[in-house]
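K.L.:
Below, each chain spelled out in residue letters.
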Amino acid sequence: MSILVDKTTRLLVQGVTGHEGLFHTQQMVEYGTQVVAGVTPGRGGEWVLDGKVPVFDSVRLAADYTGANTSVIFVPARAAADAMFEAADAGIELVVCITEGIPVRDMMEVRRYFDQKNVRLIGPNCPGLLTPGGAKVGIIPGNIAIPGNIGIVSRSGTLTYEVLYALKMAGMGASTCVGIGGDPVNGTNFVDVLQLFENDPHTEKVVLIGEIGGSEEEKAADFISHHMTKMAAAFIAGQAAPPGKRMGHAGAIIESGSGTAAEKIRALEAVGVRVARHPEEIPALLA
Amino acid sequence: MSILVDKTTRLLVQGVTGHEGLFHTQQMVEYGTQVVAGVTPGRGGEWVLDGKVPVFDSVRLAADYTGANTSVIFVPARAAADAMFEAADAGIELVVCITEGIPVRDMMEVRRYFDQKNVRLIGPNCPGLLTPGGAKVGIIPGNIAIPGNIGIVSRSGTLTYEVLYALKMAGMGASTCVGIGGDPVNGTNFVDVLQLFENDPHTEKVVLIGEIGGSEEEKAADFISHHMTKMAAAFIAGQAAPPGKRMGHAGAIIESGSGTAAEKIRALEAVGVRVARHPEEIPALLA
Amino acid sequence: MKLHEYQSKTIFSRYKIPIPRGRVAATASEAKQIAEELGGRVVIKAQVLVGGRGKAGGIRLAKNSKEAEELATVILGMDIKGLPVRKLLVDETVRIQKEIYLGITNDRTMNRPVMMASSEGGVEIEEVARISPDKIIKTHIDPLLGLRDYQARDLAVSIDLPRDLWRGFQEICHGLWNAYSQSDASLAEINPLVITVENRLLALDGKMVVDDNALFRHPDLADMRDLDVEAAPEVEARKYGLSYIQLDGEIGCMVNGAGLAMATMDIIQLYGGTPANFLDIGGGASAEKVGAAFRIILSDPKVKVVLINIFGGITRCDEVARGILGAISEVKPKIPMVVRLVGTNAAEGLRLLGDAHMVTAETLVDAAQTAVRMAKGEGR
Amino acid sequence: MKLHEYQSKTIFSRYKIPIPRGRVAATASEAKQIAEELGGRVVIKAQVLVGGRGKAGGIRLAKNSKEAEELATVILGMDIKGLPVRKLLVDETVRIQKEIYLGITNDRTMNRPVMMASSEGGVEIEEVARISPDKIIKTHIDPLLGLRDYQARDLAVSIDLPRDLWRGFQEICHGLWNAYSQSDASLAEINPLVITVENRLLALDGKMVVDDNALFRHPDLADMRDLDVEAAPEVEARKYGLSYIQLDGEIGCMVNGAGLAMATMDIIQLYGGTPANFLDIGGGASAEKVGAAFRIILSDPKVKVVLINIFGGITRCDEVARGILGAISEVKPKIPMVVRLVGTNAAEGLRLLGDAHMVTAETLVDAAQTAVRMAKGEGR
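Going line by line, the protein sequences match chains A, B, C and D.
With UniProt numbering applied, the first sequence corresponds to residues 1 to 287, in that order.
With UniProt numbering applied, the second sequence corresponds to residues 1 to 287, in that order.
With UniProt numbering applied, the third sequence corresponds to residues 1 to 380, in that order.
With UniProt numbering applied, the fourth sequence corresponds to residues 1 to 380, in that order.
These aren't lab readings, by the way, just hints derived from the structure by calculation.
As the structure is a prediction and not an experimental result, all values here were calculated from the model.
Mixed in with the good hints there might be a few duds.
Cβ pair distances, simulated, as ranges [said to hold, decoys possible]:
1) B/Gly171 with A/Glu93: 56 to 66 Å
2) D/Arg200 with A/Ser215: 47 to 57 Å
3) A/His227 with B/Asn118: 19 to 29 Å
4) C/Leu227 with A/Arg277: 37 to 47 Å
5) D/Lys376 with B/Trp47: 36 to 46 Å
6) A/Lys7 with C/Gly82: 50 to 60 Å
7) C/Glu348 with A/Thr229: 37 to 47 Å
Using N, Cα and C, we set each Cβ at its ideal position, and we do this for glycine too.
Working from the sequences, and respecting the hints, build out all of it.
P.N.:
Below, the structure is given as structure tokens:
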């Protein structure tokens, strides 16, 4: 029915007592996600959300006491790399980092470490994961999607919500929606998620939402061409973006003339992916 | 007939133009080892040993041109870690580091890197490898051993020669002799080599030569007890050594009362290993 | 954040990279004095953060201190590609034997930094990459290990550097790597790195770009920011946590989320309009933020229509609508606006805006088409 | 190489670890002056590189500067476990609320450094390990990543440190890690790390051991070596590239190779003798090296016999024999010697020595048994 997260996910929230962390923890709990623990150093022993979620001083303690297997990170950018290392070293299997604005050097170190430890990282600078009707890990609004058989993977936030919402309006549901984030160096990429969707018996079609910068969309096209049997549609943001300027996301930039939307669209169309001209066209392409 | 090195080994010598490097390269060539290249930065394009061995400026160039798959390192201690990284990054499969006196911090970084890259390191501060009649990679004198079915693994240099020589005098030969070195942090350890000997159809018995310090001999005893079918004899040096003093080798020290010879002998005897009272007793124990 | 040549070279010299003697000047008389100190013959270089200074006449050779003063006066009066020249670097002149290239940047495909060297220095590296890519030698740096000495040596070997310069080149490589990693840079470049006729290596020109996200660790670098480089509205936007980039079109955009903001520009273009800007207001939409966004968009006289596209997820659309109304009553924009709200409580939000006689739309297609029509003066 | 308390604490303070105010003194009048500067009440600590200074009376409290001078005079006259006291540390006194432990060493089983903390400070950590091992909290440090902040925090949590001290404790952990790794230490220890009644953390005592092999990177640390710590012959041996450790026995040993040197000591003991030393002459055996080795062995008056055990591998035994003969003709030792040569050209070597009327042996067993008999005055 889904990839990465579902009703069995035992979630821990790093930065649970912060403004953002607490708000989204409540949203996740209300959605039905099993939030088993929170971590805020110095606040161990407290409870948040009217006694629903216990707070620990460290990830290790939280994981030991509660059996958490997934962590979502809401700590400030300057502490985020440490939070990711802490989660990986404590044996967490899936780490989802929402935090935006983490230095690239930190992320290169984190990525290097996670690759070698074989811990899966989603993000950073991402909206997280939503398995409609199953679990919500991150900040994707729960009410904009319904359960279904379409897998969505995206570098963007609200643009993804737009697509989920358009699908819902068309009566189409999602198996899992994965926001991989808009940073130039991140954890899981398009190809990783496409592989998971290809192997998931409950996903029948996939939507890829890319944008300018880097070459992950081209790699995705290559993967789709050689390894995917399922139907794929896509949208690439940034056709009107000028070169050399960062379009909000740290990774969304056309450098030395490469990483343009046109290139990416060409690569995807060349392998049979139907590329939408605008987000609201996606449902029709999947019909 | 052997483990790790044999007639097919294509050897490269790092530090080939140094005093030690050149002398031992000659010895290795005379023994019949296929020494295909040497490396000394700044000396690329020269030849040593009367045109027998070409010199390159880097390991990558040497490996690309000659197909070297094994490297032996004779560079000074302060450049040794870099030489090991260079070899690993150039795709060398087996790196043998003779150099003594490398800082522990360097070796911890090297070990961490090699573990993750899955490159095998022998040493440092070791005499290297000898497969009698096959190949000599390092500084073990070629004339003190004859081919045979006994595998030898040791933390020591001349003490090992003593044992090889005693075996030769008794008409007993070696499959391969592996000097793993006397430093506290090194590459391959006793257990790794015992595993290789256990799997080698031409090795029938093994000799382990340990010394005070650390707990590798205890780990070896544990391994022998659970995973070895072949007969094992051992000698442990340092029964008369006082605690708290480094006995020449950086790793040969009894610290906080642990790492004594008595402990190690007890551990080995407890799993049926015959422990010699002195090196010359070894051949009798194997008979 | 881009650093000026003089700032980059000052950082390089802290890491033992040899640079020409010289100093920065803000006036012609300072330039004259520096020229005197350096023996008269100097090169005067405009400090502006764009390429092509030389071709624009921003780099000139002075034979003596009087000429230095004259040329400084000329260059300080220049605008280069729209940027005013406020500072000059006055450097000793150097007799050059050969120009090479050395740089580091992040390779996002490999998730690690890459050091590049080329025997073809003095021209833009992108140019070398286009014409003779085999002249660029690359080595990737493990972020946990840092640059290894053998890697620097391999570069020296591969660009056929004379052997007597290897040691010095390796030291420069390590200096550049340390400057790069310890400054959280995303680019550090020496172009050209020259071999002088005296057979010394010297970093003649330098460029660094620092990761904005890491400036919290580098207050000294943050202080180096040159506000002249960016359009004033972009500077203003950053103050309010808005991400704004000015473009050439007629339809101003206000969107929440970077991806959606790009998609909004794209759909405007798709239907024949031209976006005037990229603007991401980020999470939430307080009257204060929306107001600042309005002011910034409207500061562009080319803007004929504003298209507001908000996806209400966690943020509720009725709250956003109230923010917009508050901002409008304060800013009082005189040009038409099209508002599209979607998601949580969108109906209520659209009702509030409709009551205030604003043009509302339900779909992105509808909003874009309406905005394009209005920009063309065709009314709704 | 062990560093003195005052040296270790000076290094700690460079890494922002808070230490008591204080200074080192070499004379009683200096101690008096420092005490005056610190307000009179001070603690005077003998700077010797052995444990148990306190029990030996090497640490005393002075109520005023006059008493400081008197106590300094006493302590500077002491020998502690055979080591003369040449320097004192004069520190301000501190009111202590609690003593904790913090240290780093290399864990050779894990091939990485380990940081240890304990709520039981002020006693030897080995003692804590023996009595209540669960009171020692350990965290291993990835040599490529360094200490992570969460690890320091986890230690603070695990030793039940009050929360208001966490931030300060984490900073001390980072300071200690940086001091450790940047000094190539094999031990860096703060014991006790105290919480004062004013609720401050303070490193009251400090110990560092630095990797001898890494001293080439740290000339400043190499200069700190205290030659008083080592027996004079050990210092002398290092000059010649010999590795020598003096023991209590009667049979002096000269061997090539550390493992074989230990095995030689072992076999002497096996046959009822007592080794007088460990001595590895390393590779080769020049007359100069052998001569120095003889002089060092013979400087020990307990030595009754010398056993020379050389395995000729790369080195040829006849060359070694000539080296021995050369050294003997120069040093002229007056006690008997047993020489065993084995390996390449052993026969020739033994013949040369036999001609010079030396006792030779072919096997290690024979050599050891002969030496033991001779030491007991039983002749060959």
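K.L.:
Hints first: check each against the structure and report whether it holds.
P.N.:
Verification of the hints:
Between B/Gly171 and A/Glu93 the beta carbons are some 58 Å apart, a value that agrees with the proposed interval 56 to 66 Å. One distance hint, 47 to 57 Å for the beta-carbon pair D/Arg200 and A/Ser215, holds here, with the actual separation near 54 Å. The hinted range of 19 to 29 Å is satisfied by A/His227 and B/Asn118, whose Cβ atoms lie roughly 26 Å apart. At about 38 Å, the beta-carbon gap between C/Leu227 and A/Arg277 stays in the expected band of 37 to 47 Å.
The given range of 36 to 46 Å is broken by D/Lys376 and B/Trp47, whose C-beta atoms sit roughly 59 Å from each other. Distance hint check for A/Lys7 and C/Gly82: the Cβ-Cβ separation is about 57 Å, which falls inside the suggested range of 50 to 60 Å. One distance hint, 37 to 47 Å for the beta-carbon pair C/Glu348 and A/Thr229, holds here, with the actual separation near 44 Å.
Violated hint: 5 only; the structure is consistent with all others.
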